[in-house]
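Using the supplied hints, reconstruct the complex from the two chains, each of which is provided in its own coordinate frame.
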Amino acid sequence: MAASWSPRLADLWLALPVGAQDALVALALLVPGLLVGVFAVRGFRPWPLARAMLWRFRGANAVFVALIAVTMALGAGLTAQERALRQGSARAAERFDLILGAPGSEVSLVLAAVYLQPMDLPLLPGSVYAEVAADPEVDFAAPIAFGDSVDGAPVVGTTAEFVAHLAGDLAEGRMFAAHEEAVAGAYAPVRLGDALEPAHGQGEAAEHGGHGGTTYAVVGRMTPTGSPWDRAILVPVEAVWKIHAFPTGHSPERAEQIGPPFDPEWLPGTPAILVRADQVWANYALKDRYTRTDVMGVFPGTVLAGLYGLLREVREAMSLMALITQGLVVVAVLAGLTLLVRVFARGLALLRALGAPRRFVLAVVWSYAAALVGLGAALGLGLAWIVATLLSRIVTARTEVLVTARIGWTEAQLVAGFASLALLLALLPAILAGRRPPLEDLRA
Amino acid sequence: MADPLPLRVEGLAVRTRDGRRIVEVPRLDVPAGGTLAVTGPSGAGKSSLLHALAGLLRPSEGRVLWGGTDLAALPEAARARFRREQIGLVFQDFLLFDELGAVGNAAIAAAFAPSRERAAIRSQAEGWLGQLGLGGRAEPSVRTYSGGERQRVAVARALAHSPAIVLADEPTASLDRASADCLIDNLLAVVAGEGCTLIAVTHDAGLARRLGRELRLADGRVMESALG
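First to last, the sequence lines map onto chains A and B.
Using this note's numbering, read the first sequence as starting at 8 and increasing by one per residue.
Using this note's numbering, read the second sequence as starting at 59 and increasing by one per residue.
Only chain B is shown next, with the shape it has when bound in the complex (with noise of 0.2 Å):
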């Protein structure tokens, strides 16, 4: 795994086209290898914010510094390169390809990866699935999987190339109760054990509670930060 990375945010600013404001975060530190739940009502920009330290969405204004490198300062090959090469993504959708089956889609990152790289991504997906439950499993295809086991396969392929980030955008919003627990227990003991930094968006409370530091944000402006 590699090494966990801080993040600080400075002056972050997200806009409209219009100037209209969608999220502003002043100041932001999470410690390496730390934890954060951002939460918040629909449309507070809580997801805006999660792509923003992900390099997907390019601020107006601000910096987002992982470790030494701004990602706000880059261009956008070079943000993607980070992706790849730091940042695991959880979606709320799961977002896999129905058409591939478990390794197949946790170890996606093989496709696009140097060829160096591709045994070991493939060697960490399938030993990531197996500490999920999901090792052995032969289907040719996840269209059968349960939203739980789904969403497990989502955070394999979040682990497989080894990052030192894992965002996760409402990761237990389409799961029931009992699973999103289990996910819970999973992602916090994966993350714990590998000391990636964790950041995920979420109304679940008992993830924002177990995640232990909390930024709450309400129309796209930070309301109250409990960084403890």
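If we strip away everything but chain A, and leave its shape as in the complex, we get (with noise of 0.2 Å):
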């Protein structure tokens, strides 16, 4: 009988919805705690009394409350925020399928390529491209070319159709159709006309006026893609390497042209080559043909797990770190609750001559002890929330990944469990006042 309700309940419990499920964990966790305040304070009304205690002590209390507040938002934040930081990256990189690079790092690689950092990269010779451009499963082989900014926004040259995959349509303009245009990002900082004159490399060593008065005019502007890619300004591949006195990848006769067909023997080397096959599936024999001695296959998703791996390992050493912290401010804030009690020892003992059993005694202080925690754990919450937010402004400012954190039943389920461990341990100061001899403290 008993095992025909589990398949049953498994069965029920999956055809839940998801944030259902979750709200049920969290509900899960905190009932300990809750169960513990039903069993003390059944029967009895001692809020009011709770309620002086607040008062009484209020400047502890707020101490107390600040000190379990910032605990739970730094353990809920830091769980937010790198959620939010490996959603945002692998977002990042959802419109890169198979990226191919010379031999060497491949966090490199996936780091210049998708998420536009800086980075000395060996190039991939132009009869590598050849090769990828005519392959029958590919769909498209971008090449890009890095080298050049404007007011610190990397000009990254590649194709029309790469910059189609990447955004979709275009948010206002149109395509770049000449060596002389560009298409910004969605948030790069210029204008629709502008003409921009790049300076050679980038960051504080741009070298301003290295291109001999060379300009891009903005014709066009992305969509938002949540990525780096969201400042960069984008031109032809072939100015990139005209504007660096390289072939333009094309044959003199065909020297203005823009995009494929490119000619091998004109191509200059190039970082890498971005690559879409036909078929979902065709990535994995694409990656497992071009991995070899001249040229590397990476799936971006695969460095990013990898990546995650290594920052689970810090997170998981930060995460235990907060637990100790949690751990070591529930015992502070217990042992001045027990302090504090002494302090209001005569009042719990005049109850205890009036009359109030030992249990009423409890109800009053684990009361007083679940109200500072109650206290402290939504305003926990509430500051997480202001702390993941102003975390993902900054992260999103230095790292130009969108990050979007939030609060969601994760850090729920986190703050519900360390309550309900805190309502827990709240018993200890409260049986401890319970079993104080009331004849003593009378007299005190």
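FYI, nobody ran anything at the bench for these hints, they're computed from the structure.
Note that the Cβ used here is the ideal one computed from N, Cα and C, for glycine as well.
Accuracy of the hints is not assured; some may be wrong.
Among the chain A residues that face chain B by a calculated CB cut under 8 Å, a handful are [unchecked claim]: (1) 51; (2) 53; (3) 361; (4) 362; (5) 442; (6) 445.
Okay, the calculated bits of chain B under chain A, using three or more residues with CB under 8 Å as the criterion [what the hints assert, rightly or not]: (7) 131-141; (8) 162-175.
Right under this line is the structure:
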């Protein structure tokens, strides 16, 4: 009979929406603490006296609540921020199916191609590009070229096909159609019609005027991608090669051509080729095919998973530190409560003298402690939201990866578990208060 | 109000752990609804006797019989229940919660009474406050009350649950003469009207005289009892 219930419960559980499952888990975590409250307070009305204690020790109580709130906010904020960073960085890499580069560091290749981080990458020869572009399983192969910037925004040379794949229809304007035209990322610091003079290099090392007055006219703007490409200036890859005095990838007769087909003997080296297969499964075949001594194929998702694995260890260490901090805060608050209860001992002794049972004294002290825990937890969740929002803005500004941290059910479960444990532990000072001999305290 | 209870004390002895005498009362009888002053110098054992009569202190020997109930033989939880149901306590230092108002203090017993009794306790508390001249006071806290007013709130608290017994430990000690006389008038009128058994530990000769019966203690022993 019992065995027949388990599959039914399992089916019922699986049939629930994920949000409902998360809510039930949070509730389940809170139940032990709430049950303690039911046991402690059942049949009594301790709240007026608990409120008296809250008011009498309001200074110390404010410190306790702040301690609880800050420690919960740190734990919840950390969890939310780490999840948001993983999701944001994964979202940024969504449109990059397969990246080919010269053998070397896969992480550097992904950081450069997906996240536009300045990296010193070896170049793939034009013959490799030609081979890839001619592969029947390749839908498109877009070479990219780096090296310049405009007011800190990287100038990236690529093909119109890749821009359309990355961001879909443009938000405004049109696609570049000539060497002197550019499409801006969604949040690039330029306007339609602006004439941009690229500096050679990026950041503080950028060399202004290094390209003899060549300018790009902004003719279009992409829709947001949630990646550093939102701040980039995209130009025809031919233009970047040309501005750096390389062949444009086309024979002299077709020197002004934009986009494929390229002529292999006129292709300069390229740090990366962004490849899309015509079938999803073909990506794996292409990666195998182009992982050899002269070229390596990289799935950005695989590289990110490896980085997340490394970050997970760091996160677990930080989570452990956060847990330890929370534990220390609970111990400190309970120790403080025990001391404060001794200050209030005469009042509690009076209650015993008036005939209150020990459990009523326990109920008063526990209700007081529970109010502090409840206030701290609620404030902590609110503070976690503020912390996560602020951190998201900082991380987004620094990495240009769109990171939007949200306080979700994971954080609610964390707070519920912590609060439940604190409510259980709050029984300790409450039990100690109930065991004090009333006469001694009355005479004090 | 509960039916008044007589008191009989037999062979009561309260001693310290090392056997030193705190108070010994071989025999004491107070009729139901009667009054008694317990007097004597400081350290005579007056408060210890009162605590034993209230069940706050378990005597080393003897019996404390309130009606048919030997309080000294009951476990701690049962003694607390007896106090809750039958005894009203008034203390020298008032012992009010400053964060509560007059009604909140006077009706404090409702917080731990069975739910069916809460409304009655609150109603009684408000009634006693009115009779003691504190009706309708709207202050959220008794912090601003005078000593006499605070002790009257304490008396209302002692009576709110309709006890059969009122035990007062130096009820006028913290009051000026005029307030003390006023409190004595109130307390005696209330107790007489309700028929409670009243026992008060006191240094106040005026109160002792008005209570009629007196048990005088010194060095933990009964020196003199005028129980006529």
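Quick rundown of the hints versus the structure:
The beta carbon of residue 51 of chain A is positioned within 8 Å of a beta carbon in chain B (closest approach about 5 Å), and the interface hint is therefore held. Interface restraint check for residue 53 of chain A: the shortest CB-CB distance to chain B comes to about 6 Å, inside 8 Å, so the restraint holds. Of the supplied interface hints, the one on residue 361 of chain A holds, with its beta-carbon coming within about 6 Å of a beta-carbon of chain B, less than 8 Å. Hint status for residue 362 of chain A relative to chain B: holds, with the closest Cβ pair at about 3 Å, below 8 Å.
About 11 Å separates the beta-carbon of residue 442 of chain A from the nearest beta-carbon of chain B, more than 8 Å, and the hint is not met. The closest approach between the C-beta of residue 445 of chain A and any C-beta of chain B is roughly 6 Å, which is under the 8 Å cut-off, so the hint is satisfied. As drawn, the segment 131-141 of chain B meets chain A at 5 residues by the rule of a beta-carbon pair under 8 Å; at three or more, the given contact holds. A stretch counts as covered by a chain when three or more of its residues have a beta carbon under 8 Å from one of that chain; for the segment 162-175 of chain B and chain A the count is 8, and the coverage holds.
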